[in-house]
Amino acid sequence: GESVGLHLPTLSVQEGDNSIINCAYSNSASDYFIWYKQESGKGPQFIIDIRSNMDKRQGQRVTVLLNKTVKHLSLQIAATQPGDSAVYFCAENRQAARQLTFGSGTQLTVLP
Amino acid sequence: GAVVSQHPSRVICKSGTSVKIECRSLDFQATTMFWYRQFPKQSLMLMATSNEGSKATYEQGVEKDKFLINHASLTLSTLTVTSAHPEDSSFYICSAAPPLTGLGNQPQHFGDGTRLSIL
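Going down the list, the protein sequences come from chains E and Y. Heads up: the first sequence begins at 1 in the working numbering, then just goes up one per residue. Heads up: the second sequence begins at 1 in the working numbering, then just goes up one per residue.
Chain Y with its partners taken away, still in its complex shape (with noise of 0.2 angstroms):
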């Protein structure tokens, strides 16, 4: 079964919607949850690293005041990418990564994504 769920699936709205999507993990408590973005054929691109119970880190290049990180507790972050914009329309990908333990990293599990379109 799903290890990290994501919701919603696909957000259709209108230019200068607020949109809140959020990232459950289901299976493991997540101190340490990360935001992707991904346009159509390429690769994966790190938006963000989202820390419970502090602030999120954010990769050079994305606005922190744009997409909004909130890590309330150790099963859920959600992102929101505030007064969203056509540019703003891409394919959103969360992650949740295990505790580190003395094996050292694991497998970063994902969502399923979601499509965001802004009109």
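Isolated chain E, as found in the complex (with noise of 0.2 angstroms):
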């Protein structure tokens, strides 16, 4: 049956803010990392990745932070809009092996 009691971390914004999401991974051979969005009721988007020869990568309106010394990840969200609400996963993977592992996830809440 499903689980209960589990509940994800939660990140809450006022509109027009700045974003900050972290991501803590366990694998120092991970070499491949990608962050996704999920909304209610539907499949993971892609927001963006970065590969371990980087620290940093920058796409539209989001950062992406790697830290590999204390295994740490961030995903930074500039002027924070109502259609960013949703769940932000991570995931990693080694280039040997193509199965992704997910973070726990965390919630954002952009208020009005």
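Don't take every hint at face value.
[Stated by the list, open to error] Calculated pairs, DMTMM-like style, for lysine to aspartate or glutamate (alpha carbon to alpha carbon, straight line, at most 25 angstroms):
#  : chain 1 : residue 1 : chain 2 : residue 2
1  : E       : K42       : Y       : D88
2  : Y       : K41       : E       : D49
3  : E       : K42       : Y       : D112
4  : Y       : K41       : E       : E39
5  : E       : K68       : E       : D49
6  : E       : K42       : Y       : E59
7  : Y       : K20       : Y       : E52
8  : Y       : K41       : E       : D84
9  : E       : K42       : Y       : D27
10 : Y       : K41       : E       : E15
11 : E       : K71       : E       : D55
[As the list claims (entries may be wrong)] Derived coverage of chain Y by chain E (criterion: at least 3 residues anywhere in the stretch with Cβ under 8 angstroms from a Cβ of chain E; other residues may be distant):
#  : region
12 : 33-44
13 : 104-114
Because the hints were derived from the structure by calculation, they are not lab data. Note that this is a predicted model, so its numbers are computed, not measured. Idealized CB from N, CA, C, for every residue including glycine.
Build the complex from these two chains, which are given one at a time in their own frames, with help from the hints.
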């Protein structure tokens, strides 16, 4: 049956503010990292990725930072909009393996 | 537009029924596709890796006779939940991985999921 009692970490931000979502990964052999956005009732949608030979990558309104020393990944969203409200997952994998390992996710709520 | 199409989006059926879910890669040939299961407010849990032309690889704890996977072509993988029971009710999501290139791994693209409810 379904598990109960587990709650996603949450982050609430005012519309127009910047959002920072954090993720810790465990496998030091991971060399490819992805951020996905999942809206209610839908599948994950690709946002941005980064390889382990980089520590920063920028997209449209989003920036991913990678700190391999402490195995930490973050997603920064500039000028957060109501449409950014969703659950955000980080995912990691190793080039030798095709399987992704997902983080626990963060529920982002944008307040008007 | 959608890169991966998953069908149906929702199924409600009686206990004991077998249910087939289709996952199609629309923009590229996918030798590898993945099936995930997601409970409310939880992360995605990988169930199995679907390999075109060969047997699927199942994660520990996933019953291969319960969750039948067929990847008969480079654009289609199917997941059949056999003799479904209420505890099989969940959100099932597939993904497709572009072929590996010299650039290394590319992001998996996900379908929009199938909400399975067994009465």
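Status of each hint after checking the structure:
1. K42/E to D88/Y: holds, 19 angstroms
2. K41/Y to D49/E: holds, 23 angstroms
3. K42/E to D112/Y: holds, 5 angstroms
4. K41/Y to E39/E: Holds: K41/Y and E39/E sit about 12 angstroms apart, inside 25 angstroms.
5. K68/E to D49/E: holds, 15 angstroms
6. K42/E to E59/Y: holds, 23 angstroms
7. K20/Y to E52/Y: With a Cα-Cα distance of about 18 angstroms, the restraint between K20/Y and E52/Y holds, given a limit of 25 angstroms.
8. K41/Y to D84/E: holds, 17 angstroms
9. K42/E to D27/Y: Holds - the C-alpha atoms of D27/Y and K42/E are around 19 angstroms apart, at most 25 angstroms.
10. K41/Y to E15/E: holds, 23 angstroms
11. K71/E to D55/E: holds, 11 angstroms
12. 33-44: holds (count 7)
13. 104-114: Coverage by chain E holds for the region 104-114 of chain Y (9 residues, Cβ < 8 angstroms).
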